[in-house]
Amino acid sequence: MAVAYGTGLRPPGVRRRVEGATYEPLRGAAREAALAWKLRWRRLHRLRDARHSGRDLVPLGAPPRLPAGAIPVFAVVRDEIERLPHWLEWHRRIGAGPFVVVDNGSSDGTTELLLGEEDVHLWRTEASYRASRFGVDWLNHLLRRHGTGRWCVVLDADELLLAPHHGVRDLRALTTWLDGRGGRSMGALMLDLYPDAPVGAGPAFAPGDDPLAALTLFDPDGYRGTRQRVLRNLWIQGGPRDRLFHRAAPRRAPTLNKLPLVRWRKGDALVNSAHTALPRGLNDVWERVPGTPAQDLARPVAALLHTKLLPMIRARSAIEKARGEHFHDPLGHDGYYDALIAGPDFRHGGSLALEGWEQLERLGLITRGAWT
Amino acid sequence: MTVGVVMLVHEALHRAGELARHWSDAGCPVVIHVDSNVGDAAFARLRGATADLGRVTFCKRFRCEWGTWSLVQATQAAAEQMLRQHEDVRHVYLTSGSCLPLRPVAELKDYLAARPRTDFIESATTADVAWTVGGLSAERFTLRFPFSWRRQRALFDRAVALQRRAGYRRRIPPGIEPHLGSQWWCLTRQTLSAILTDPARAERDRYFRQVWIPDESYFQTLARNYAVNIESRSLTLSKFDFQGKPHIFYDDHLQLLRRSDCFVARKIWPRADRLWAAFLAPPADMPERSEPQPGKIDRLFARAVERRTRGRPGLFMQSRYPREGFENGKTANPFSVFEGFDRLFEDFEGWLGRALGTDVHGRLFDEGGARFADGGDVHAGGLPAAPAVRDHNCHHWFRSLVWNTRGKRQCFMFGPEDAQDITWHLSADGNGDFSVITGAWAIPLFQQGGDFAETRRLASRLQRIEQGHVEILRSPHSRARTRIWSLSDVVLHPMAPLQQILDEIGPKAATPLAEAPRMVDLSGFSNFLRALKNQGMHLPLVGDFPAEVEVAGPPSERRRRRPYLVK
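In order, the protein sequence lines correspond to chains A and B. Take the first sequence: its position 107, counted from the start at 1, is 107 in UniProt numbering, and no numbers get skipped. Take the second sequence: its position 471, counted from the start at 1, is 471 in UniProt numbering, and no numbers get skipped.
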């Protein structure tokens, strides 16, 4: 039965104006100050945790000396030998690199592969991924040590950064443009790609293969966003995994907003993977046009092509289910793993084949903003 | 006679070297000013790269900062050196290290040779320019600016505010009428030397030293005093965005720049290898071209500005999440909500779909999940019908539906039995269009029969919900178009609302109703209503239901007896 709706005569969000209510803004300012203080503490805690977790990281090789103007890529990987060759090549081509990578106990040859690459600086740890807040503490540690003062790319090994003007303008052009406008971060939508077949039914995936050839489809619609008051980010959820696995509990659906590109300052901290960061201004990838209530669309927004659903996800899910190193409540996600192990079919009538960044912009999933 | 090129350089020195070679090969002497901020090693490399070019020289170096007098000093020094060293120069062209000649230099020389006394310098009075950023136009000339805008913004702003409050105004020296314009000009030897050798120059320099952004006003103002023939436009194509930052051109702008027919463009991204290679290549056989035509580029950038401030209506994404009420349209397309029609008419969705030729969904906000027009589980590119997902963020869900089916009016059924959270978002949307038959929720209760006490309870609840809903539709905050009939009105005159709806939202050529939907059988309904009333219910939304509606007979017969008359 329907929920009776309040019969107030104002739409939600339209506040009543009380005559002479001068105390209102004051209270608002006090609340804002309290929140700022709280978030400051949270940020400092993150930085302390990063310092502690950083002791677990064992450098393999000399400490990196990143060239001036480079845009390093920071990542935590585990057993990603199939994806990494393509992943490295893709990001080199868009002007990112060198790579600053934490290898979290790989056993499939990932370590050896990365050690053989000229532009990869590797750290290794056997410590718990979960205990390091799903890698965030390690990333915060390395970002602070090696990313301060630079534009940094923060990615997972199953994410490919597809920025507007991909293939024509590289990240150097993008970051220079952002610098000119005082922007310190760029947002991205994580776009789950899936195969044109049930997951795992296609040919096996070998190291160096192109995941975009194996995963061709995506959902052009079905994303929803909520503005988060505290961290000021837009919480985006949806996509094929939400459609199939989280229809009963949509709050648990994967978070799809990310901050893959940040001009790192000393004291910055990632909060929740690379979805959100502190200070809050970093999450403000939308802005207000000065002097008007209109929103500023100046900043570009990119897509992160998510190649999670490659054939090996089935075997991998069985392992991860047993490890319980992902998610805040791993037991609550057993159903999710079981569904992935079963090899679900994500296709539906509205699935589209990925063509390029222009297509995504036309669909309204990314934008070039004012970067014409 | 030839064109002398003054080049101001502060970064990407290797490109400056290529440019100097390009100009010099075409017979133009070049004087380069290199910013003092550039390191000695880089400067030495540039000198080395241009050492074999006899007509490329370097002038005294100044430490330049955006918007300050130092840029004018650098220009003056370079221009003086140009006039002194190269007697054959008739025009002096001011460029930067990121200004790329788009047309063969010979064409530029011919163009200028045909206009030997013309100065190309954009120069407009302060009252006429719209591009000033920061709210300073005439005040650039009447206030003092002791602080750097880039490095000491707070002090800068405070100094301006203080002078405004104190009513301070500088005296503008006699003989100066402030003009503004693009920094990049092309002046004749006569005009330029008159400016640089004027006996009053020292006094004027003293004045301009304290003007804000003098590089956009010094030559632009003084040229007015000496020039014979001013063409108030810059030969350099240069676009500025909303923040006063020059637009940057990249490889993908190649065709656009080619077609613009401009002589020189800035700012070119130093790493846009294709652009540099294409335009610095030796001139090929080009078709005869005439006046520069930057119109196409103007349109491209105008679109960008529009997109920036207004966005695409109904589109919500990572970079843009407007505050409630300030969106450029909550939804992308008009949509129509029908309440009660599906209860009163049999297969109303099918009939409406045929009449309008568009998507007509069932109950999108049904408690059991969205009933899409195609009966599917997933609609329009991945929108799930699952109720939990929909209700998790129902207005975003609905916006997605409208965005992804844009171009097609979305129609759907709604009623007090459905999830109601969406109501405000629909009614506050100017794209919304409501057709409501109030009280129609009583029909299924009547049809179901069953325990009357339970029916009574349900009826009361549904009526309460609908009352709240109608109140929202009628509130001053509602922006949707709304038509409300009571059930009784529609039962008595069923065709009038239908025809009105088709006239207002149907295809342009409004046709009379060819086919009318069938009304459900309502014999005994008035008794049902009477029973509800006898149980103490007040039924304002149903209206005065006629006691003898069953006398009108089955709907099909009634329709025959009461044909709809078309005017």
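Calculated from the structure, these hints are not laboratory results. One or more of the hints may lead you astray.
With a straight-line cut-off of 20 Å between C-alpha atoms, the simulated DMTMM-like cross-links for lysine to aspartate or glutamate are [stated by the list, open to error]:
no., chain 1, residue 1, chain 2, residue 2
1, A, 38, A, 56
2, B, 533, B, 454
3, B, 239, A, 79
4, B, 533, B, 515
5, B, 533, B, 503
6, B, 245, A, 179
7, B, 267, A, 170
8, B, 239, B, 177
9, A, 321, A, 170
10, B, 267, A, 179
Verification of the hints:
For the given pair, residue 38 (chain A) sits about 28 Å from residue 56 (chain A) by alpha-carbon distance, which is inconsistent with the 20 Å threshold. For the proposed pair residue 533 (chain B) and residue 454 (chain B), the alpha carbon gap of about 15 Å is at most 20 Å, so the pair holds. At roughly 49 Å between alpha-carbon atoms, residue 239 (chain B) and residue 79 (chain A) are farther apart than 20 Å, so this suggested pair is violated. Under the criterion of a C-alpha separation no larger than 20 Å, the hint pairing residue 533 (chain B) with residue 515 (chain B) is inconsistent with the structure, at around 35 Å.
Only pairs whose Cα atoms come within 20 Å are accepted, and residue 533 (chain B) paired with residue 503 (chain B) is rejected, the gap being roughly 36 Å. This hinted pair checks out: residue 245 (chain B) and residue 179 (chain A) have alpha carbons roughly 11 Å apart, not beyond 20 Å. A threshold of 20 Å between alpha carbons decides the hint, and for residue 267 (chain B) with residue 170 (chain A) the separation of about 17 Å falls inside it, so the pair holds. Simply put, residue 239 (chain B) and residue 177 (chain B) have alpha-carbon atoms about 26 Å apart, too far for the 20 Å limit, and the pair is violated.
Distance restraint check for residue 321 (chain A) and residue 170 (chain A): the Cα-Cα separation of roughly 38 Å exceeds the 20 Å cut-off, and the hinted pair is therefore not satisfied. A threshold of 20 Å between alpha carbons decides the hint, and for residue 267 (chain B) with residue 179 (chain A) the separation of about 16 Å falls inside it, so the pair holds.
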